[in-house]
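We have chain A already, so just place chain B on it with the hints.
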Amino acid sequence: GAVVSQHPSWVICKSGTSVKIECRSLDFQATTMFWYRQFPKQSLMLMATSNEGSKATYEQGVEKDKFLINHASLTLSTLTVTSAHPEDSSFYICSARGGRSQETQYFGPGTRLLVL
Amino acid sequence: QKEVEQDPGPLSVPEGAIVSLNCTYSNSAFQYFMWYRQYSRKGPELLMYTYSSGNKEDGRFTAQVDKSSKYISLFIRDSQPSDSATYLCAMSEDSSYKLIFGSGTRLLVRP
Numbered sequence: 383g384a385v386v387s388q389h390p391s392w393v394i395c396k397s398g399t400s401v402k403i404e405c406r407s408l409d410f411q412a413t414t415m416f417w418y419r420q421f422p423k424q425s426l427m428l429m430a431t432s433n434e435g436s437k438a439t440y441e442q443g444v445e446k447d448k449f450l451i452n453h454a455s456l457t458l459s460t461l462t463v464t465s466a467h468p469e470d471s472s473f474y475i476c477s478a479r480g481g482r483s484q485e486t487q488y489f490g491p492g493t494r495l496l497v498l
Numbered sequence: 010q011k012e013v014e015q016d017p018g019p020l021s022v023p024e025g026a027i028v029s030l031n032c033t034y035s036n037s038a039f040q041y042f043m044w045y046r047q048y049s050r051k052g053p054e055l056l057m058y059t060y061s062s063g064n065k066e067d068g069r070f071t072a073q074v075d076k077s078s079k080y081i082s083l084f085i086r087d088s089q090p091s092d093s094a095t096y097l098c099a100m101s102e103d104s105s106y107k108l109i110f111g112s113g114t115r116l117l118v119r120p
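From first to last, the protein sequence lines stand for chains A and B. FYI, this note's numbering numbers position 76 of the first sequence as 458, with every residue one higher than the one before it. FYI, this note's numbering numbers position 4 of the second sequence as 13, with every residue one higher than the one before it.
Isolated chain A, as found in the complex:
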């Protein structure tokens, strides 16, 4: 139980294009989903918290117009990187809170984004 999937697993795009990443909780309903980014050999940095049906809460320094988050259902959240630039290249990971243990987060496998 508590499986979270992400799609795509990796994406390469040209500078200036937008990229959408999906995060799904497969066997439980996620009351809250989180989006992180991780640079090589560094820890996870929380970008935003999203609750189903409401606006996402962004961490300080994260541009909400740049990283659009939509949490349309209890099993799906999407992160759209708008007008991507090379500095947005990173490993993006989502997590979902819910299922049997409300206090823990279950992570997706991550999406590697490379912006050329």
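Take these hints with a grain of salt, some might be off.
[Unchecked claim] Straight-line C-alpha distance at most 16 Å; calculated EDC-like pairs for lysine to aspartate or glutamate:
no. : chain 1 : residue 1 : chain 2 : residue 2
1   : A       : LYS446    : A       : ASP470
2   : B       : LYS107    : B       : GLU12
3   : A       : LYS423    : B       : ASP16
4   : A       : LYS448    : A       : GLU469
5   : B       : LYS107    : A       : GLU441
6   : B       : LYS76     : B       : GLU14
[What the hints assert, rightly or not] Incomplete in silico selection of chain A near chain B, CB under 10 Å:
no. : residue
7   : ALA384
8   : GLN388
9   : HIS389
10  : PHE416
11  : LYS423
12  : LEU428
13  : THR431
14  : ILE475
15  : TYR488
16  : ARG494
The hints are simulated quantities; they were obtained by calculation from the structure and are not laboratory data. Idealized CB from N, CA, C, for every residue including glycine.
Same frame as chain A, but now just chain B:
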């Protein structure tokens, strides 16, 4: 000072050794403590979850929390090469469940 401190390693041990991984923290409001394992280019996998102080054991893994010292540990017995990964501690307060991560310790178990 970071909220959560974790030695980045790398920590190299022979197969079969007992591994000790640790984190210290400064926020006394943390109540939930977790250990995640992350293989290269993969998402973190939850290993252990502990509420408040005490010990918890699951197979070869034992998690300890000492809130008075603001110190948590993860012990791995009979370590295997497949345990080679980065281990992240994470913790949260009651209210927000927002996880604060350590920087991760890279572990290498030599055959």
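Status of each hint after checking the structure:
1. LYS446(A) to ASP470(A): Status holds; Cα separation ~14 Å.
2. LYS107(B) to GLU12(B): holds, 13 Å
3. LYS423(A) to ASP16(B): holds, 13 Å
4. LYS448(A) to GLU469(A): Satisfied, since the Cα-Cα distance of roughly 12 Å is no more than 16 Å.
5. LYS107(B) to GLU441(A): Given that 16 Å is the threshold and the Cα spacing comes to 11 Å, the pair holds.
6. LYS76(B) to GLU14(B): holds, 15 Å
7. ALA384: holds, 8 Å
8. GLN388: holds, 8 Å
9. HIS389: Violated, because the Cβ-Cβ distance from HIS389(A) to chain B comes to roughly 13 Å (cut-off 10 Å).
10. PHE416: Since chain B brings a Cβ to about 8 Å from PHE416(A), closer than 10 Å, the hint holds.
11. LYS423: With a closest approach of 8 Å, the LYS423(A) hint holds.
12. LEU428: For LEU428(A), the interface hint holds, since the closest Cβ of chain B sits about 7 Å away, which is under 10 Å.
13. THR431: holds, 7 Å
14. ILE475: holds, 5 Å
15. TYR488: Because about 6 Å separates TYR488(A) from the closest Cβ in chain B, which is inside the 10 Å limit, the hint holds.
16. ARG494: With a closest approach of 7 Å, the ARG494(A) hint holds.
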